[in-house]
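Asks: As a plain string of letters, each chain reads:
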Amino acid sequence: MLFLGTAPAWAVLGEYESSVSLDQQVLRGEIRAEVRQGYKLHQITSPNGTIVREYVSPDGKVFGISWQAPFMPNLQQLLGSYSTEVQQAVQSRARRNRGPLIVRTDKLVLVSGGHMRFFRGRAYVPSLLPNNISAEVVQ
Amino acid sequence: MTLRNASTATLGRFLAVVTGLIFLVGCGSSSGGGGSTPTPVANTVAVEVNSGPTSLSVNMAFADVTICMPGTTNCQTISNVELDTGSSGLRVLSSAVNLTLPTITDSSTNVLQECFQFADASYTWGPVAVADIQLAGETASSVPLQLINAPNTGFAVPSSCLSLGNGVSLNTVAALGGNGILGIGNFPQDCGGNCTSASAQLPSQYFLCPSGVCQVPAVPLADQVWNPVVLFAQDNNGVLLSLPSIPAGGQATVSGTLTFGIGTQTNNALGSAQVYATDAFGNIQTTYPTTNGVSYPGFLDTGSTGFYFLDATTLGPTGIIECSDAPGWYCPSSPVSFTVTNTGTNGTSGPLTFSIGNADTLFGTLANTAFNDLGGDSGTGISTDYADFGMPFFYGKNVFVGILGTTAPSGVSAPFGYYAY
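In order, the protein sequences belong to chains A and B. According to my numbering, the residues represented by the first sequence are 1265 to 1403, in order. According to my numbering, the residues represented by the second sequence are 7 to 427, in order.
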């Protein structure tokens, strides 16, 4: 049994690379690290089909996260302090828009969409993007 | 043998070995199979697109759903239940339910709870109860459903359910836009195999909360929330949603029908509809050659307000721009026509043409609640984009949703279900 109250904190957007291994523990997945031109990619793959990718800048901070999963990820844990940006955006969101959640502020860009058993999305912090790296690498 | 009988047999094994979950009510499902031809029953319910109980809804299709104490004629009809081909299972606000329905519990009478999350991070929270569900002349017996926001005592909503805090709960009529959601998508249960083990639920969807601490149980398929259609004695392989055409610019209300079964009666034949088999995720593939030729996941979802199609940057060359006052919606200066190609895993491929107009103009016609040309962003770039054919897609069409595990139409391989239109 997993007791939620004792679950470790996840690695979060804007924090240091060392926290990525916590995500691996929580997701009970296999991790694969890949050095790309100008950034590092950690991909965590879980037996249930969840794929979480974390993008780390040369100075060691997670600047982007993406997911595709059969369950909605815990955004509060993935986004850390940036989740307040999303919560504020959600409050002002038109109730008439039943579709993907899209947030674009100076601090954060996020999309969360899909449907039951197919959740996909990504988030990145524009100010943490490494030099000469496009946000489109976060995918 | 029906699916239900098969899964009930599974339940016994899980009961003893894994979870201790108890299905309080006998499974009493009747079988329409066995080779005999069942006597046809009324298989059509009325559907209406209107502003709903909040008077604010657009592009939401509502129907009445009757629930009964299992095995009895003690029943109640719940109005304004939203049809959702993008999910599976019935979820009703507990405030709309007068019956004291039995719940699914473990051997210590802890009630099975569910956090059902939607892709925009909104959620419904509440226990799994059991009812007979009647739609037209069809009955599904002892169906697990979710009672949204039922009063509970002694524990808080688990933190993993509050992905973005309480602000996104759909636990009231105002937030939900109706009294419930009837999920009639192509999966038999809302979670499936991943919830039959505790470790594969990440984050957790089902909970048991003894002594105020919520834990994650293994939940056998039989105890998960079920698409009631697949539990009907007959006409249980899918649905047909038929809505008339509406003009560009919208219409005040739209009346149509939801018919149960595909090819099981004279009123639900596939006819000339093309069958697009879905993949394991419930998607087809959509390609849009005009801007980039990339293939995107596609799905047909009455629970989506608009065509959520690619993103405004990708579609910029077509004249699509976002509404300045409502980012996320498209506001082209004049309607833009798109032709895409949809492809099923069975190899069927066909063009689809639709149009997206100016959302500001459309919403400005306050008397209208149905729009066939409302559109918006699906993502923020190629890697997260998709083609969500929401309610606008359904007007003027007969759209079939075939359920995973049922027999596909002759000559079609559709192990995960299918769409046909």
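A portion of the hints provided could be inaccurate.
[Stated by the list, open to error] Among chain A residues calculated to face chain B with C-beta under 7 Å, some are:
id, residue
1, L1305
2, V1350
3, R1386
[Unchecked claim] Covered by chain A, according to a simulated footprint, are these stretches of chain B (three or more residues, beta-carbon under 8 Å):
id, region
4, 100 to 114
5, 372 to 385
6, 404 to 417
Since the hints were made in silico from the structure, they are not lab data. Only a predicted model underlies this, so the values are computations on that prediction, with no experimental measurement involved. Note that CB positions come from ideal geometry on N, CA and C, so glycine has one too.
Asks: Against this structure, judge whether each hint is valid.
Replies: Hint by hint, here is what the structure shows:
At a threshold of 7 Å, the smallest CB-CB gap from L1305/A to chain B is about 13 Å, leaving the interface hint violated. Interface hint status for V1350/A: upheld, as the beta-carbon distance to the closest one in chain B is roughly 6 Å, under 7 Å. The criterion of a C-beta within 7 Å of any C-beta in chain B is met by R1386/A, whose closest approach is roughly 5 Å, and the hint holds. Counting residues of the region 100 to 114 of chain B whose beta carbon lies closer than 8 Å to any beta carbon of chain A gives 0, which falls short of the minimum of three for the stated coverage.
Check on the region 372 to 385 of chain B: 4 of its residues sit with their Cβ under 8 Å from a Cβ of chain A, so the three-residue criterion for coverage holds. Under a criterion of three residues with beta carbons nearer than 8 Å to beta carbons of chain A, the stated coverage of the region 404 to 417 of chain B fails, only 0 such residues being counted.
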